[in-house]
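Residue numbers for the sequence shown follow this note's numbering, so the first one is 63 and each next one is one higher.
Treat the hints as calculated values from the structure; they're not laboratory data. Fair warning: there could be bad hints in the mix.
[Said to hold, decoys possible] Estimated spans, in silico, between C-beta atoms of each pair:
| # | residue 1 | residue 2 | range |
| --- | --- | --- | --- |
| 1 | Thr-420 | Leu-350 | 16 to 24 Å |
| 2 | Ala-388 | Glu-305 | 34 to 42 Å |
| 3 | Gln-438 | Ser-255 | 28 to 36 Å |
[Stated by the list, open to error] With a Cα cut of at most 25 Å, we get these calculated BS3-like pairs of lysine-lysine:
| # | residue 1 | residue 2 |
| --- | --- | --- |
| 4 | Lys-185 | Lys-148 |
| 5 | Lys-148 | Lys-553 |
| 6 | Lys-571 | Lys-479 |
| 7 | Lys-571 | Lys-553 |
| 8 | Lys-479 | Lys-404 |
| 9 | Lys-479 | Lys-553 |
| 10 | Lys-571 | Lys-404 |
| 11 | Lys-148 | Lys-396 |
We put the CB at the ideal spot given by N, CA and C, even for glycine.
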Amino acid sequence: MNTYEFVNIAAQIFPEREALAFEDQRDDYATLQQRIVSLAAGLRECGLGPGRRLGVMDTNSSRFIQLFYATSFLGATFVPLNYRAKSEELEYLLNTAEVNCLCAGAPYVELACTVRPAVTSVKELISIDGPAEGMRSFDELLLPSVEIEPAEVDDKELNVIMFTAGTTSRPKGVMIRYGDLASYALNTAEPVSEDDHYAQLLVAPFYHIAGLTAIMLAPYSARRMVLLRQFDPVRWLETVQKERITHAFVVPTMLKRIIDEPSFGRYDLSSLEMLSYGSAATPPGVLLRALELFPRNVGFINAYGQTETTATVSMLGPDDHRMEGAPEEIERKKSRLRSIGKPLPDAEIRIVGEQGETLPAGQIGEVAIRTARATQGYLAKKGEEGHVAKRDTEGWLHTSDLGWIDDEGYVFLAGRKSDMIIRGGENISPEEVEAVLYRHPAVEDVAVIGLPDEEWGEYVVAIVVPRRESAEKLSAEELIGFCRERLASYKKPSVVHLVNELPRSDLGKVRKNVLREQFSAR
Numbered sequence: 063m064n065t066y067e068f069v070n071i072a073a074q075i076f077p078e079r080e081a082l083a084f085e086d087q088r089d090d091y092a093t094l095q096q097r098i099v100s101l102a103a104g105l106r107e108c109g110l111g112p113g114r115r116l117g118v119m120d121t122n123s124s125r126f127i128q129l130f131y132a133t134s135f136l137g138a139t140f141v142p143l144n145y146r147a148k149s150e151e152l153e154y155l156l157n158t159a160e161v162n163c164l165c166a167g168a169p170y171v172e173l174a175c176t177v178r179p180a181v182t183s184v185k186e187l188i189s190i191d192g193p194a195e196g197m198r199s200f201d202e203l204l205l206p207s208v209e210i211e212p213a214e215v216d217d218k219e220l221n222v223i224m225f226t227a228g229t230t231s232r233p234k235g236v237m238i239r240y241g242d243l244a245s246y247a248l249n250t251a252e253p254v255s256e257d258d259h260y261a262q263l264l265v266a267p268f269y270h271i272a273g274l275t276a277i278m279l280a281p282y283s284a285r286r287m288v289l290l291r292q293f294d295p296v297r298w299l300e301t302v303q304k305e306r307i308t309h310a311f312v313v314p315t316m317l318k319r320i321i322d323e324p325s326f327g328r329y330d331l332s333s334l335e336m337l338s339y340g341s342a343a344t345p346p347g348v349l350l351r352a353l354e355l356f357p358r359n360v361g362f363i364n365a366y367g368q369t370e371t372t373a374t375v376s377m378l379g380p381d382d383h384r385m386e387g388a389p390e391e392i393e394r395k396k397s398r399l400r401s402i403g404k405p406l407p408d409a410e411i412r413i414v415g416e417q418g419e420t421l422p423a424g425q426i427g428e429v430a431i432r433t434a435r436a437t438q439g440y441l442a443k444k445g446e447e448g449h450v451a452k453r454d455t456e457g458w459l460h461t462s463d464l465g466w467i468d469d470e471g472y473v474f475l476a477g478r479k480s481d482m483i484i485r486g487g488e489n490i491s492p493e494e495v496e497a498v499l500y501r502h503p504a505v506e507d508v509a510v511i512g513l514p515d516e517e518w519g520e521y522v523v524a525i526v527v528p529r530r531e532s533a534e535k536l537s538a539e540e541l542i543g544f545c546r547e548r549l550a551s552y553k554k555p556s557v558v559h560l561v562n563e564l565p566r567s568d569l570g571k572v573r574k575n576v577l578r579e580q581f582s583a584r
């Protein structure tokens, strides 16, 4: 299925329904569809079509969405690029993806022109926001009078190349097929609805799988898309109130900044029906505060997935977030807030050992996922050997995430395989130690890492952000003692560092490689 059809179908059924609101621009579905087709006609004149690739370097915008759907219309491949990339990294991304047309927003035009001589595949440079020297402008590509039909695509053809952030290596280009994206939408969202009050706030960056899939889910359900160019907590709150937002997705860092905003209580958030969060572990204290502060009608969803699985494969749903019932039920629900829930209907999850064997409930191993929309592998730079996603003979994708499943089928994560601490031959899950430290009332945020130890192999180090009101009173000794009472002796931190904040990626993941470099030098 051509993913362009998500917009096309919505435009055929509800042409006058508002499709998109961005800054001062508002388009109904018919107008959005016409813009996409006009843009596709112009991109075809630039040589874009099946087998060709279009890269976009820009913040979230309505034109970004149009470029994605116009690329799909032509049966070509879309390559969203991290707008934070520097010249050397951008050059690597473009050469690896063999991008033919490169589109750049105004802040990135100079960078695009700088790297072009080193990227022989790029034949066209396109300025998204207006005229620029040596580039075609977005507006001149619009050819409304040209009749053009959408490409017929095979589900196995490449729709998107999305680069994952590498911590110890360069980013990998995940190959996502047309059928993968279509399958994700069909299995996770309600189809076109007669109800026109639904509005989805899009703030996750579109170069991330959560951001890109959101611009498909909204048209599939014929919801109104409301875009923020970049996240700001006050803008987010203002937009939810003004636009009567019903659906939104945030990463944990965003959620914390929203509830920490001093003006939070002034905003009317009663329209919000579903608030999804994910992309990184959410500190339990942050989540519990959010559950208390947001209106009771808001359904929370913890969504877990990877770029390699075309986004979400497991969810902890709204009922599991509602702290209702008998005291023992509430305590059970609180303990599940660290869970990623249960697999979606089109996915399976199991926990495997070192030999690929399925582990029993409660035992930590590697999370393996089987779904038809898992990637077939990673793109290789021209002249280099490609990478194949780690699958076993039965089609299970080995994620490098550690986890376990409880007796009721809820899946819990226990960190990355590369983060596992080995002390005296014993495996220590950083997540287990972090979970204990989060129970201390003075702890706001925490990350646990292993550092080299000549005698024991590694020792456990906890980096803790105290709550603001406890910062002066909390001591490392108190936290070590707290862990000693609740963990086996070899698991407790040998060292605790108190810091003001943890280094996180733009998607909220703790950058443990940075912590290891920082504290190993001490």
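How the hints compare with the structure:
Distance hint check: the CB atoms of Thr-420 and Leu-350 are about 33 Å apart, inconsistent with the given range 16 to 24 Å. Between Ala-388 and Glu-305, the C-beta spacing of about 39 Å keeps the proposed range 34 to 42 Å intact. Between Gln-438 and Ser-255 the CB atoms are about 33 Å apart, so this pair conforms to the stated range of 28 to 36 Å. In summary, the hint linking Lys-185 to Lys-148 is supported, as the alpha carbons are separated by about 21 Å, within the 25 Å threshold.
With a C-alpha separation of about 40 Å, the suggested pairing of Lys-148 with Lys-553 is violated against the 25 Å cut-off. A C-alpha spacing of about 15 Å is found between Lys-571 and Lys-479, which places the hinted pair at or below 25 Å, so the restraint holds. For the given pair, Lys-571 sits about 23 Å from Lys-553 by alpha-carbon distance, which is consistent with the 25 Å threshold. For a cut-off of 25 Å, the pair hint linking Lys-479 to Lys-404 stands: about 21 Å separates their Cα positions.
For the suggested pair Lys-479 and Lys-553, the alpha carbons sit about 17 Å apart, so the restraint of at most 25 Å is met. Annotation: proposed proximity of Lys-571 to Lys-404 holds, straight-line Cα distance about 22 Å (limit 25 Å). For the suggested pair Lys-148 and Lys-396, the alpha carbons sit about 42 Å apart, so the restraint of at most 25 Å is broken.
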